[in-house]
Structure formats: C-alpha cells, structure tokens
Amino acid sequence: MGSSEVVIEAKGLTKKFDDFMAVDHIDFKVYRGECVGFLGPNGAGKTTMVRMMYCFLPPTDGELNVAGFSVHTQCREIKSIVGVAPQEDNLDPDFAVIKNLTVYARYFDIPKDVALKRADEQLKFFQLEEKREVPIVALSTGMKRRLIFARALLNQPQVLLLDEPTTGLDPQARHLVWDEVRRLKKMQVTIILTTHYMDEAEVLCDRILIVDRGKIIEEGTPVELVKKHIGEDVLELDYDEKLRATLKEAFPDARFERLGDRMQIFTDKPHGVFEGFLKEHPMQNVTLRKANIEDVFLKLTGRGLREE
Amino acid sequence: MSGPNIRKSPARFTIPKLTYRVWMVWHRNFDVFTKTIKVNFLPSLLEPILYLLAFGFGLGGFIPSIHGQSYIAFIAPALVAISIMNGSFFECTFASFVRMYFQKTFDAIVATPVSVEEVVAGELLWGATRATFNTTIVLAVVAAFGLISSPLFLLVIPVAFFGGLMFASMAMCFTSVAPNIDFFNFPSFLFLTPMFFLCGTFFPLTSLPTAAQGAAMAVLPLTHIVNLTRGLVTGHLEPILGLSPAALITISLVWVIAVAVFFFILSINLMKKRLTS
Numbered sequence: 001m002g003s004s005e006v007v008i009e010a011k012g013l014t015k016k017f018d019d020f021m022a023v024d025h026i027d028f029k030v031y032r033g034e035c036v037g038f039l040g041p042n043g044a045g046k047t048t049m050v051r052m053m054y055c056f057l058p059p060t061d062g063e064l065n066v067a068g069f070s071v072h073t074q075c076r077e078i079k080s081i082v083g084v085a086p087q088e089d090n091l092d093p094d095f096a097v098i099k100n101l102t103v104y105a106r107y108f109d110i111p112k113d114v115a116l117k118r119a120d121e122q123l124k125f126f127q128l129e130e131k132r133e134v135p136i137v138a139l140s141t142g143m144k145r146r147l148i149f150a151r152a153l154l155n156q157p158q159v160l161l162l163d164e165p166t167t168g169l170d171p172q173a174r175h176l177v178w179d180e181v182r183r184l185k186k187m188q189v190t191i192i193l194t195t196h197y198m199d200e201a202e203v204l205c206d207r208i209l210i211v212d213r214g215k216i217i218e219e220g221t222p223v224e225l226v227k228k229h230i231g232e233d234v235l236e237l238d239y240d241e242k243l244r245a246t247l248k249e250a251f252p253d254a255r256f257e258r259l260g261d262r263m264q265i266f267t268d269k270p271h272g273v274f275e276g277f278l279k280e281h282p283m284q285n286v287t288l289r290k291a292n293i294e295d296v297f298l299k300l301t302g303r304g305l306r307e308e
Numbered sequence: 309m310s311g312p313n314i315r316k317s318p319a320r321f322t323i324p325k326l327t328y329r330v331w332m333v334w335h336r337n338f339d340v341f342t343k344t345i346k347v348n349f350l351p352s353l354l355e356p357i358l359y360l361l362a363f364g365f366g367l368g369g370f371i372p373s374i375h376g377q378s379y380i381a382f383i384a385p386a387l388v389a390i391s392i393m394n395g396s397f398f399e400c401t402f403a404s405f406v407r408m409y410f411q412k413t414f415d416a417i418v419a420t421p422v423s424v425e426e427v428v429a430g431e432l433l434w435g436a437t438r439a440t441f442n443t444t445i446v447l448a449v450v451a452a453f454g455l456i457s458s459p460l461f462l463l464v465i466p467v468a469f470f471g472g473l474m475f476a477s478m479a480m481c482f483t484s485v486a487p488n489i490d491f492f493n494f495p496s497f498l499f500l501t502p503m504f505f506l507c508g509t510f511f512p513l514t515s516l517p518t519a520a521q522g523a524a525m526a527v528l529p530l531t532h533i534v535n536l537t538r539g540l541v542t543g544h545l546e547p548i549l550g551l552s553p554a555a556l557i558t559i560s561l562v563w564v565i566a567v568a569v570f571f572f573i574l575s576i577n578l579m580k581k582r583l584t585s
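Those sequence lines, one after another, are chains S and P. Note that my numbering numbers the first sequence so that position 80 is 80, with each residue one more than the last. Note that my numbering numbers the second sequence so that position 273 is 581, with each residue one more than the last.
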C-alpha cells in the first residue's frame, strides 16, 4: 500500500483533440508506492491520461504534477524519473535486443558500463538472455512486451507507467510481469497500470479508477468497489422464464441481468444465501461464484461494444 | 517554457531550446549507419563514377569546352553539390519518416529526458552528416579523376555540412506534413528534379534567360551550393547577373546559412506541432 506522500496529482486535467474530449476535467491523486489501475473500455481516455503523465501529450487545460514537477514546465525532470512501457511496440528495429537497451539507456545519460550491467540484469530477469544478440523482428509478441518492460526499468524509475503491459502475453509471461510489478511495489515504486484484464487489476492494484468517456466514474480498492456495486455472490444459470420468477420471489433484493440465454443474479447478502436454494432446486449449468471487478466494470460501463 | 498561456497554445512558434542531448539522437543514427557502412558506401561511390563516365567522357566528347573548361571539369563540382542535396534530403524525408511513422522511434525517445525538439534537431544534424559523408566520397572520386584545380577544395566539406543542414531542414518541413510515405514523390519530382537540371549543374546558369537566372538565384538552393562547390573545386566561377565571382561566393554563403537557420527553426516547430497533438 502507498504512503501519504502524493506522487501524481491531477486537477481539472483535460485533453481535447479538435472536437473530441479525450480527458474531461479529471482529478485524482496517486500516493508513493501505490499501484493504481486505470480501467476503461476502448477509447475511454486511459492511454491519453498516461501519455500526459510523461509529457508525451501536453494537456489542453488543468494541472498535472508528477513527483512535484509540473508537466507544463518540467518535462525533463519528470521524464528522468519515470519509466514508460507504452502499449504499442516502439522497440528500435534497427538494433538487436541488447543494443535496444543500451541505446535507450544512453538517452538517460547512464554511463555505458552501468547501462550494460543493468541491461543484462533485466534480460536475465525477463528471461531474454538467449535473445541478447537477436534482432527485434525475430522476437515474438510476448518477448517484445517483456523487452519493453525491461527497457522501462533501465533508469530505475520512481514512477512506472505500464500501458497494457500484458496484452498478448501467455500465462507464464503474464505471471513474470506480475511478479516484477509486486517486487517494484515493495521497493516503493509508484505504478500506474492500464489493462483490459480485470483479474490483473484485482491482483495487482491497491486502487482502481474506472474511466469512461474521459471521466473517472468510480474509484476505490478492488474489495470496496465489488462490495459497493455488486455484493458478495453471483449466481449464473440458463435463462428460464419460470425459474426467473421463482428466483425473484426467493431473492427480492437481488439484481437480475439477462445475457442472451444465460442470466446472472447478484446479491449483497452474506455468503451462502444461494446454496440453500440450489439444494431445493437442483439444476444443470449453474455456476455460483464470488463477485469480481469485471462485474463492477460491466455494470458501470455497460455491455455495449466500443469502437476503437 | 513558463507562463500560464503556454498550455493553451502549445503550438506557438518558438526558438527551440536545445541541449547536448541532440547528439544522443545523432549518435543513434550514427550507430545504425556504421552497422551497415558497406552498403552505405556503395551508391555514393558508384553514382559519381557513372555520371563522370557517361556525361563527362561520353557526352563531353561532343562539347568542346565551357568557359574554357572541359565539360567533365564543369560538371564535376555539380555532382558534388547534388550529393549534398540528395544525401540530406532523402535522409530527412524517407528515412526520418520511417523512423517517425513506422518504427515509432521518435515516440520511444521522447519518453526519455530527450525533448521532441532535440529529436528533430538530432535528425537534422544527422541529415547534414549524411550529406557530408556522401560528399566526401564524391569529392574523392572527383579528385581521382584529376578534376580538382583549387587548393580550397577541402572547404567543400564544411559547405556540405551547412548545405546539408539546409536541405535536411527543408526536407523535414515536408516530413512534418506528410500524410504517408508516397507523399515524398511530390518534393522529389517538383523540387529536387528541377534543381538537378536547372541550377547551373549540367550547363551554365547564364544560358538561361535573365529572369530565370534571377529566379534560380533567389529561390533555388542548389544554385548557391553549385556556386560554392564550383568556386572551391575549380577556383573558377563565371559572373552571373553581372556579379563577380567573389560577390557570388559571398552571396551564396550568406544565402545558404540564412536559409539553413530559418528552415532549421521552422522544421523543428512544425515537427513539434505534428508530434505533440
């Protein structure tokens, strides 16, 4: 968990592209050592928010400070203490793996020998040692993502911005990234993470900000959010008109949602209320599970698909 | 960068603030270049040899002399000038565009303490360096053909750098507005090709009507580069528009430096606008 020292602070932060309001007067604070997840549908403004944090995009209006430096006037200071793992692959295809890291370190004024040492450590941790001299085009998507993460750590950042760090990774590589995030958190590195994987946010983030249409529509710890919006348990079963009526009678306070030929019933009653009902009404294709952040996310941002 | 108004008008025209970090960007390109040096060497070496053989010996055999010079001696400094133009222009159009648009190399660099302005300035200095490299090879070929007749010829190398910076900066202005890589066909055919033929390269500028001579001196950068290389390589320059060789050299030098500075600043501003909005 984070300390009380504010590392990132946004006040009325706004970004407008021509007529499109990408980020709409948002306020938030991130504390030292905290891992904060930005969740939102495609086009919600997550990446734009992250890009403003490392001065890639200048805000249209509002304040944004990182480690006490303003993005309006102190970009050099901010960028020297921030590590960025962007969403898109911008590794340098003109260089092999190791040279990608050493050339990148040079942009930070890191001496050559130190850069080489750190680069080799990172390659080792991310299990890319064997790819040391391989050109970027010969790497798989997962290897590229790991190399981008490794590159973001070369300047030993105080603030780490991870924009969808695990997209395209296999479960093994995903856990490798998670382990690294946990290790960095222990070292009091402040982490901003955007992701589409709700389990990832739930596992890694101390706090979650749900973003939609350029606004922060909800924030809290994963546990708080689930409790507040969904409750304890979720019962999933095949849709049936009669069954629905019976369930409505049995659980008048529960929230019902139909998804095609399935339905979900959410309850905030303590654990175990559905068990008795299931004993009396045995049926097939039933799942009883704990409510999670994905339920919160879908409730708050809706089920409609978003265009990129 | 201070004052509250800057954030509402980030695209305001400014004199770029540059630090030594410009050289980090230059160094990146230099590292790539040295990796493939043998391939880079070849065109710069072969092209002038082919031109000198075809136009100098081939065509030149039918031309008695131009201003008392053999035809091959007349075109040799023009080839040097053309290598300055091509080396930097192609580097900061096609090659820079690939780095910016396809490879997203600029995006990666601006996440570090290097600024957008420094990335563009590094690219421009690299374009000038490419021109200097190419020109040095062409100059060596010209020397090998025995076509250097002035002790001042080594000054062509600094001319190549500043001339290269001028063309690189102009090229970068096109890059700043290019929607796709095919767009560069326009400046290649509408800007470079006419200059290639009309700037006193393969025939004296004075053969053109006076108005055209004036236009070439006023707006075509290659005219001035040809004046400088011809003066420095052969030690001989014919008057243009009644201007003496000394006046021509002075005018061309001032023209090149002034235009280079102007476009250097302009292109950085235009690229900053493209990359940060």
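Source of the hints: derived by calculation from the structure; they are not laboratory data. Take the hints with a grain of salt, since some may be wrong.
What the hints assert, rightly or not - Pair by pair, the computed Cβ-Cβ distance ranges are:
(1) F410/P x V114/S: 29 to 35 Å
(2) G168/S x P487/P: 27 to 33 Å
(3) D109/S x P547/P: 50 to 56 Å
As the list claims (entries may be wrong) - In silico lysine-lysine, DSSO-like type, Cα no more than 27 Å apart, as pairs:
(4) K343/P x K112/S
(5) K11/S x K412/P
(6) K131/S x K343/P
(7) K581/P x K131/S
(8) K581/P x K112/S
(9) K16/S x K325/P
(10) K227/S x K299/S
(11) K343/P x K99/S
(12) K144/S x K124/S
(13) K412/P x K99/S
What the hints assert, rightly or not - Selected chain S positions facing chain P (in silico; Cβ < 10 Å):
(14) Y54
(15) E77
(16) N90
(17) L91
(18) D92
(19) P93
(20) F95
(21) F125
(22) N155
(23) F277
A virtual CB, placed ideally from N, CA and C, is assigned to each residue, including glycine.
Results of checking the hints against the structure:
1. F410/P x V114/S: 29 to 35 Å: Because 31 Å falls inside the window, the suggested range holds.
2. G168/S x P487/P: 27 to 33 Å: Because 29 Å falls inside the window, the suggested range holds.
3. D109/S x P547/P: 50 to 56 Å: For P547/P against D109/S, whose Cβ atoms are near 53 Å apart, the range 50 to 56 Å holds.
4. K343/P x K112/S: holds, 18 Å
5. K11/S x K412/P: violated, 30 Å
6. K131/S x K343/P: The hint holds at about 19 Å.
7. K581/P x K131/S: Roughly 37 Å separates the two Cα atoms, so the pair is violated.
8. K581/P x K112/S: Status violated; Cα separation ~33 Å.
9. K16/S x K325/P: Measuring from Cα to Cα gives roughly 26 Å; hence the hint holds.
10. K227/S x K299/S: Within the cut-off at roughly 13 Å; holds.
11. K343/P x K99/S: holds, 12 Å
12. K144/S x K124/S: holds, 15 Å
13. K412/P x K99/S: Distance ~17 Å between K412/P and K99/S Cα, so the pair holds.
14. Y54: holds, 6 Å
15. E77: holds, 8 Å
16. N90: holds, 4 Å
17. L91: holds, 7 Å
18. D92: holds, 6 Å
19. P93: Interface hint status for P93/S: holds (6 Å vs cutoff 10 Å).
20. F95: Because about 7 Å separates F95/S from the closest Cβ in chain P, which is inside the 10 Å limit, the hint holds.
21. F125: violated, 21 Å
22. N155: Result: holds, 8 Å to nearest chain P Cβ.
23. F277: Constraint on F277/S not satisfied, violated at 54 Å.
Of the numbered hints given earlier, the model fails hints 5, 7, 8, 21, 23; all others are met.
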